[in-house]
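Engineer: Dock chain Z against the given chain H, drawing on the hints supplied.
Taken in order, these protein sequences are the chains called H and Z. Residue 174 in the numbering used here sits at position 174 of the first sequence, and the numbers go up by one each step. With positions in the second sequence counted from 1, the corresponding number in the numbering used here is that position plus 1000.
I should point out that these hints are in silico values taken from the structure, not numbers from a laboratory. Just so you know, these numbers come straight off a predicted model, no measurement behind them. Possibly wrong hints are sitting among the right ones.
Some chain Z residues flagged as far from chain H (calculated, every beta-carbon gap over 10 Å) [said to hold, decoys possible]:
(1) D1049
(2) G1185
(3) A1234
(4) L1242
Okay, the calculated beta carbon distance ranges per label pair [unchecked claim]:
(5) D1178/Z / S128/H: 35 to 41 Å
(6) P171/H / E1052/Z: 22 to 28 Å
(7) N144/H / E1032/Z: 32 to 38 Å
All C-beta atoms, glycine included, are put in the ideal place defined by N, C-alpha and C.
Protein chains: 2
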Amino acid sequence: MTDAPVTAAILVIGDEILSGRTKDKNIGYIAEYLTAAGIDLREVRIVPDVEEEIVGAVNALRSRYTYLFTTGGIGPTHDDITADCVAKAFGVPLNLDQRAVDMLLMRMKREDLNEARLRMARIPEGASLVENPISRAPGFRIGNVIVMAGVPAIMQAMLDNVVPGLVKGTPVTSEAVDATGVPEGAYAAGLKAVAERFPALSIGSYPSYSASGFTNQIVIRGRDLPAIAEAAIAIRALIEQLRAGAERPAS
Amino acid sequence: MTDAPVTAAILVIGDEILSGRTKDKNIGYIAEYLTAAGIDLREVRIVPDVEEEIVGAVNALRSRYTYLFTTGGIGPTHDDITADCVAKAFGVPLNLDQRAVDMLLMRMKREDLNEARLRMARIPEGASLVENPISRAPGFRIGNVIVMAGVPAIMQAMLDNVVPGLVKGTPVTSEAVDATGVPEGAYAAGLKAVAERFPALSIGSYPSYSASGFTNQIVIRGRDLPAIAEAAIAIRALIEQLRAGAERPAS
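In isolation and in its complexed conformation, chain H is listed as follows (with noise of 0.2 Å):
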């Protein structure tokens, strides 16, 4: 564990994500596992399956944050271009690697190594590889850039492998105070008087609205288990108040 911030993005391959056929179910997972682990998610980006913007998106994120987990474009068919988009990005060859040709044995005969399956056993040179436990293919990472499968079973398993090797920052605690019934704009003065007290911590404002109307939440969230607290005395009185006094417009 370090005192410095340990920061991370997530950038995911596909097509399929930006058509909006298949829907993500990766992001909200990995950030709910790095924010537990200690591991700041600073940005996400999804982009196409096309080298350039791969190449392009993986240089940028790799460069600002401490770690970057890619996930999609790493299974046989010709659309999977992760592995060669990070080799490039990289500047290092893509090797087949006779470990990851060693994993694939263990779920498949050598006759059935054809070219398409060998191209999941293609590693850029100088990467460790993760394991997946389901359908043998493994992951890898190069640097601080890990590359994991799109199919969240696998994803899973590989963040279940790979994060425990990975340096941690203190974790984030967050404490969620219910406003439901206060309006937004009633309590929006008080509580920047808060956060303005308070400016080690991150303290924001959540509504949300289904058919029986809007429900908030304020959620404080930072390192200093003191401070949070204080914040939360502090917040629960301001919504107190005003839930004491009179009915307001609902946002």
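Structural biologist: Frame of chain H; chain Z shown alone:
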């Protein structure tokens, strides 16, 4: 409608998405909506509630794509800074807009229009407003940037109000071939050959995995309907031929 490709990006603004506490429901919805409307979604970014990150992303994305859609950060609380950032990105003043004030007055009394609520009526100079039938605080459009709420029901209503006025291209059509039971690695070579015969189409293979094993879908996307039909026939023939052959490993 235009023959030139009409492109778009989405910028999701919000710490709560990056922390994983709130799971984004807007990206997939907008992606599907734009695809149906003939607008190609090419990139998505998620950034925190930090001015320089938002301004940087707005400028990067608005210069690259026909349209940029933003979600989040237009409420009355201190963490709602999207309008400020978009005004800054365009280098225009952010003034109290009487049209927006009138919209807020449809839902609340003048005496309830406090400073925080009036924040929601600050609109970059030169922007047109996007109506919000639910809570009235409007979105806006300035240049090619469309600024919407983060609450899904409100965002969806804003999209309905704004998309009819946009330039659109020929919608992309897609056809899916179910390849379940035939592993990706078995059809990858044949699929690549079909993809090479139809360079104007985008052909992808999408495995999913559940407790009952892998299912694979091959999706053909493009604007040339006869070519899509021809490619689908070729891919179905390939899959049927392999299905008739020996059982093989599942990927």
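Engineer: Work down the list of hints and note, for each, if the structure agrees.
Structural biologist: Here is how each hint holds up against the structure:
Under the 10 Å C-beta cut-off, the non-interface status given to D1049/Z relative to chain H is violated; the minimum distance is some 7 Å. The claim that G1185/Z is not at the interface with chain H is violated, since a C-beta of that chain comes within 10 Å of its own (minimum 4 Å). In this structure A1234/Z is separated from chain H by more than 10 Å, as the shortest Cβ-Cβ distance comes to about 14 Å. Even its closest Cβ contact with chain H, about 12 Å, leaves L1242/Z beyond 10 Å, as expected for a residue assigned away from the interface.
With their beta carbons about 36 Å apart, D1178/Z and S128/H fall inside the hinted range of 35 to 41 Å. Distance hint check for P171/H and E1052/Z: the Cβ-Cβ separation is about 25 Å, which falls inside the suggested range of 22 to 28 Å. Checked against the hint of 32 to 38 Å, the C-beta distance between N144/H and E1032/Z comes to roughly 33 Å, which is consistent with it.
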